[in-house]
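Enquirer: For reference, the chains in residue letters:
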Amino acid sequence: MITVGKLCEDFYALTAAWGIPWIVPTLVVMTVVVGVVVAYIAVAAMFLIWWERKISAHIQVRFGPMRVGGWHGWAQSIADGIKLLLKEDIIPARADKVIFALAPMVVFGASLATYVTIPWAPGLIVKDLNIGLLYMVAISSLTVVGIIMAGWSSNNKYATLGAIRSAAQAVSYEVPLVLSLLGPVMLAGTMSMGRLVEAQGGTWFGILPRWFVFPQVVAFLVYFTCALAECNRLPFDIPEAESELVAGFHIEYSGMRFAIFFLAEYANMVVVAAIATTLFLGGWRGPWLAIPGLSAEVSRGLFSLVWFQVKVYFLIFLMMWLRWTLNRLRVDQLMDFAWKVLLPIAFANLIVTGLVMTLWK
Amino acid sequence: MTINLAIFYVLAAFTVWAAAVVVLGKNIVRAAVALIFAFCGMAALYVLLDAEFLAAVQVLIYVGGITILLLFAIMLTSRISSPTARVINDQVLLSAVAAVGLLVALIYAAIRGIPEFPGPPRLPETAPFIGRALLTTYVLPFEAVSILLLAGMVGAIILARKE
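Residue numbers (the numbering used here), protein chains in the order written: chain H, 112 to 472; chain D, 1325 to 1487.
Some clues are possibly wrong.
As the list claims (entries may be wrong) - Straight-line C-alpha distance at most 27 Å; calculated DSS-like pairs for lysine-lysine:
# : chain 1 : residue 1 : chain 2 : residue 2
1 : H       : Lys268    : H       : Lys208
2 : D       : Lys1350   : H       : Lys268
3 : H       : Lys208    : H       : Lys198
4 : H       : Lys117    : H       : Lys198
5 : H       : Lys451    : D       : Lys1350
6 : D       : Lys1486   : H       : Lys208
7 : H       : Lys117    : H       : Lys238
8 : H       : Lys198    : H       : Lys165
9 : H       : Lys194    : H       : Lys165
To be clear, the hints were calculated from the coordinates, so they are not data collected in a lab.
The task is simple: from the sequences and hints, build the whole structure.
Expert: Printed below as a string of structure tokens:
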């Protein structure tokens, strides 16, 4: 929103007037932004864990958490978080201690860094990079590195197996994922997240909103499938398949380190849903009303903020729904599906998009 | 400008440290993990040189692809990650001579001064220019590299499948 940007500029101008070198206010703004993002991730993850437990329970005709906090057990995640914080931090005796300690940091750092280019509302984006989308895809591939580090350093065969599966899966699904993202990028002619949303203003044929999901529905489905695999969620959760690998790569982790893995997993869900929202569902676009007492700019910004969250959480709801409905794929089915089904579809979509764009001119 | 320079020195020291761990590390998995940090440091240096696209591709391909395959191969190879396995090359002397020679050449060049050459034009966005150049002016080398890589992949598959 404009007001946030203006606040920063005022702050910069004020400190410049006091003669403080520019690095100091820049660091202050950076720290505040990181604090806000981490707070958002923590709250979103706690909400999502509770929400997932409720959704899974209702799909399985149960109640889920009902007691902690009163209304439908809303405080369950807070209680779980406190419990995890207080638990003993155990490092296996024969683990590689440095890599074991580093792994959760890499995983969480990677998902935190992708929040830089999420456009929350018009103008409300930490940094609208020209290569925003490429940056997000590149940084989120670091998550797998952390998973492999965790799996190997635990010195546990289930953890190593989970890590190997995760590596194979991530490398395979990243290819159709990137190819499916190219469709909207071709339509918009930019990789900047902000301008991708700008490109989706207006309507198709005067009725439908000009979202890229309508011309790029194939790309959207390919992306969503690959995103599920990148998040290690059912039906693609073989890296942590609890019934065969116990828990996969994070089997030896306890307490705070385990909590960080858990947090990163839900933070990643928000990231992939945010990418899908920005590229295919028009980002923060949506109908808005002027709120009495506020300027048009501010009320539009507030509505946009809400619209973005609504779309993101709708996609996350879909991911949870799929998780509790579908079966897990076998390893060979998983690989076949990526290379023999998704990849040709993604390529075909790319070629057709290019042809239509060339011929339409 | 001085802060950019300070950031450069920090990043350069980090990258060199990570690269030294890759070469000198006794444990091959730690070496591979350090390689990831070295690649990330390189990407950060590219960002400092305004080559954002190159930086993102560096992370995506080298960290997200190649190093993960490397770790994958290491984990599938039995005994290679055990502490008793030899990971240091036998040709230490030869590589030391090559490294010292390169260092001397670089120091000599730095002292003599590098001839002034025009810096690259400062582009607002590098990705569209790289894309256009790859598919127009440099389309032949681009396709040649693609065919080379394809041949390499086919060869690897034939080697991996015995029958």
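Enquirer: If you check each hint against the structure, which ones fail?
Expert: Hints 4, 5 and 6 are the ones this structure does not satisfy, whereas the remaining hints hold.
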